[in-house]
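Take the sequences, apply the hints, and build the full model.
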Amino acid sequence: MTDLLHRVYREHRARMLAALIRVLGDFELAEDALQDACAAALTTWGSAAPDDPMAWLLTTARNSAIDRLRRARVGREKLAQLGERPEAVDMGTERLVAVGDERLSLIFTCCHPALAEDARVALTLQAVAGLTAGQIAQMFLVGESTLAQRLVRAKRKIRDAGISLRVPADHLLPERLSGVLAVVYLIFTQGYTTAEEDPRREAIRLGKLIAALMPDEPEALGLVALMLLHDSRSAARFGPDGDVVLLEDQDRSRWDGVEIVEAVGVLDRALALGRPGPYQLQAAIAALHTRPETDWAAISALYGQLLMVSPSPVVALNHAVAVAMATTPDEGLALIDRITGLDRYHLWHAARADLLRRLGRKNEAAQAYRRAHELAASAADRRFLAGRLRDLD
Amino acid sequence: MQYMLLIYDCDRPEPGDPGFEEALARVNAFAEECRRRGAFVYGHPLQPESTATTVSVRDGKTLITDGPFAETHEHLGGVYVFDCRDLDEALELAALCPMAEQGSIEVRPVAPVAGLDHRPSA
Numbered sequence: 001m002t003d004l005l006h007r008v009y010r011e012h013r014a015r016m017l018a019a020l021i022r023v024l025g026d027f028e029l030a031e032d033a034l035q036d037a038c039a040a041a042l043t044t045w046g047s048a049a050p051d052d053p054m055a056w057l058l059t060t061a062r063n064s065a066i067d068r069l070r071r072a073r074v075g076r077e078k079l080a081q082l083g084e085r086p087e088a089v090d091m092g093t094e095r096l097v098a099v100g101d102e103r104l105s106l107i108f109t110c111c112h113p114a115l116a117e118d119a120r121v122a123l124t125l126q127a128v129a130g131l132t133a134g135q136i137a138q139m140f141l142v143g144e145s146t147l148a149q150r151l152v153r154a155k156r157k158i159r160d161a162g163i164s165l166r167v168p169a170d171h172l173l174p175e176r177l178s179g180v181l182a183v184v185y186l187i188f189t190q191g192y193t194t195a196e197e198d199p200r201r202e203a204i205r206l207g208k209l210i211a212a213l214m215p216d217e218p219e220a221l222g223l224v225a226l227m228l229l230h231d232s233r234s235a236a237r238f239g240p241d242g243d244v245v246l247l248e249d250q251d252r253s254r255w256d257g258v259e260i261v262e263a264v265g266v267l268d269r270a271l272a273l274g275r276p277g278p279y280q281l282q283a284a285i286a287a288l289h290t291r292p293e294t295d296w297a298a299i300s301a302l303y304g305q306l307l308m309v310s311p312s313p314v315v316a317l318n319h320a321v322a323v324a325m326a327t328t329p330d331e332g333l334a335l336i337d338r339i340t341g342l343d344r345y346h347l348w349h350a351a352r353a354d355l356l357r358r359l360g361r362k363n364e365a366a367q368a369y370r371r372a373h374e375l376a377a378s379a380a381d382r383r384f385l386a387g388r389l390r391d392l393d
Numbered sequence: 394m395q396y397m398l399l400i401y402d403c404d405r406p407e408p409g410d411p412g413f414e415e416a417l418a419r420v421n422a423f424a425e426e427c428r429r430r431g432a433f434v435y436g437h438p439l440q441p442e443s444t445a446t447t448v449s450v451r452d453g454k455t456l457i458t459d460g461p462f463a464e465t466h467e468h469l470g471g472v473y474v475f476d477c478r479d480l481d482e483a484l485e486l487a488a489l490c491p492m493a494e495q496g497s498i499e500v501r502p503v504a505p506v507a508g509l510d511h512r513p514s515a
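Those protein sequence lines, which keep their order, are chains A and B. Quick note: the first sequence uses my numbering, first residue 1, plus one each step. Quick note: the second sequence uses my numbering, first residue 394, plus one each step.
Hints were generated in silico from the structure; no laboratory data involved. No residue lacks a Cβ here, since even glycine has one placed at the ideal position from N, Cα and C. Incorrect hints may appear among the rest.
To be verified - A few chain A residues that face chain B, going by a derived Cβ cut-off under 10 Å, partial list only: (1) Ala114; (2) Ala161; (3) Ser164; (4) Leu165; (5) His171; (6) Leu172.
Unchecked claim - Example chain A residues on the side facing chain B (calculated, C-beta under 8 Å, incomplete): (7) Asp160; (8) Gly162; (9) Ile163; (10) Pro168.
Unchecked claim - Label-pair distances were calculated between CB atoms; the ranges are: (11) A/Gly143 with B/Arg501: 27 to 37 Å; (12) A/Ser310 with B/Ala424: 28 to 38 Å; (13) A/Leu42 with B/Ala445: 54 to 64 Å; (14) B/Ala515 with A/Arg153: 32 to 42 Å; (15) B/Ala445 with A/Asp216: 49 to 59 Å.
Structure below.
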């Protein structure tokens, strides 16, 4: 019987939690009530399992929430407030189950811009992905009590500041969706820079959930494609000594071909919707990099588009490097020299150095490599740049 | 749900200053929009901090001091109270407020307290 409970809980936890949060308007209360219901199930399901375990858990949780509110002094006020909300008047089982998939509104609530960024990440992983505070703390290398506090603070702000428990209104949706996708991508990149698999897997799962719940949003699909493409190369990204291996030097036999095929399929679906955006463009660039022959002209054109929709000095640098590969080092160098704001970014100096070297301007190249070496933060980057500098002579 | 909007660091033109009429018209249009949505509860600018007086009572003795409670670089220039559906609506109104273009607006929910009677005088 506990197997059944575990299975229902694992598969439907996020949906049940989302439905309870929506009806009760309180994150912590919903979590406590769901825990109460599971504890009750452990003792009562022994003899006869209910026909509809999810409905049973929701009803029991609802009753427990009402009991908890009656017991607490402030709860009575809250109970009266619940009565005023038309959708909460009937907290009957049919309604609780009929609310359907509330996970989407839960995701938007967890990623609300009024919450601190680290709280958005942690809350999404806990409430939507179902990770424990301990697991999240380990993932982000912070203390468990710090993380638990961060979660509690965020949940109380949601309740006390009246952060919406619904999918945002249409006029807010594009901006909010991009905020949601940014949180998911932040979880992914956390696992990408540290070579940790768990955050990447959770981010891809979350991305797929959002894409399934919002099938008409090409950027959600674009993000899934982008993450799958990066993930497909993860086994080849680090050398035996832990150093980052550059894309062109990676052992392509270690790329995950199945994941690449899946990513390209997802990207095709996104592009078919005819509304390109930053994630789709980045995914398209990453997809071109998986081809045996790199089409630099196509890549530089995509970076040009990306520069228009989300301009940043780093995108401009990537664009310039792609142009240099597609045309001549001169043209790339002219673009690089026009970028401002990257004076303290080692890759700007390294890219310049590389082009100067290819143009035979050895002294200037050496000077740029030295500057890049000074600014590089990681030992692996410094080793790589020192090697390039030696190769000049 | 009620929210208080605290308007910080915003210069207020005085009558006769260049731009006064225009600023007044914009602030009135903003208040009209808030009334149209049924959100407007209260709103007013404040006199500068040089006019502030701080009161505290300790051991039955009333202490009165010149100046604001906290000497900060941020100047509280006025407040609004709005009745909104949720935080999103309050944030939307804050962004519509003309003062947000120059200063910054802190949005704080009003705390519900059971039994608290704050009806205005009859």
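Q: Provide an ascending list of the numbers of those earlier hints which the structure does not satisfy.
A: Nothing - there is no hint that the structure violates, so all of them hold.
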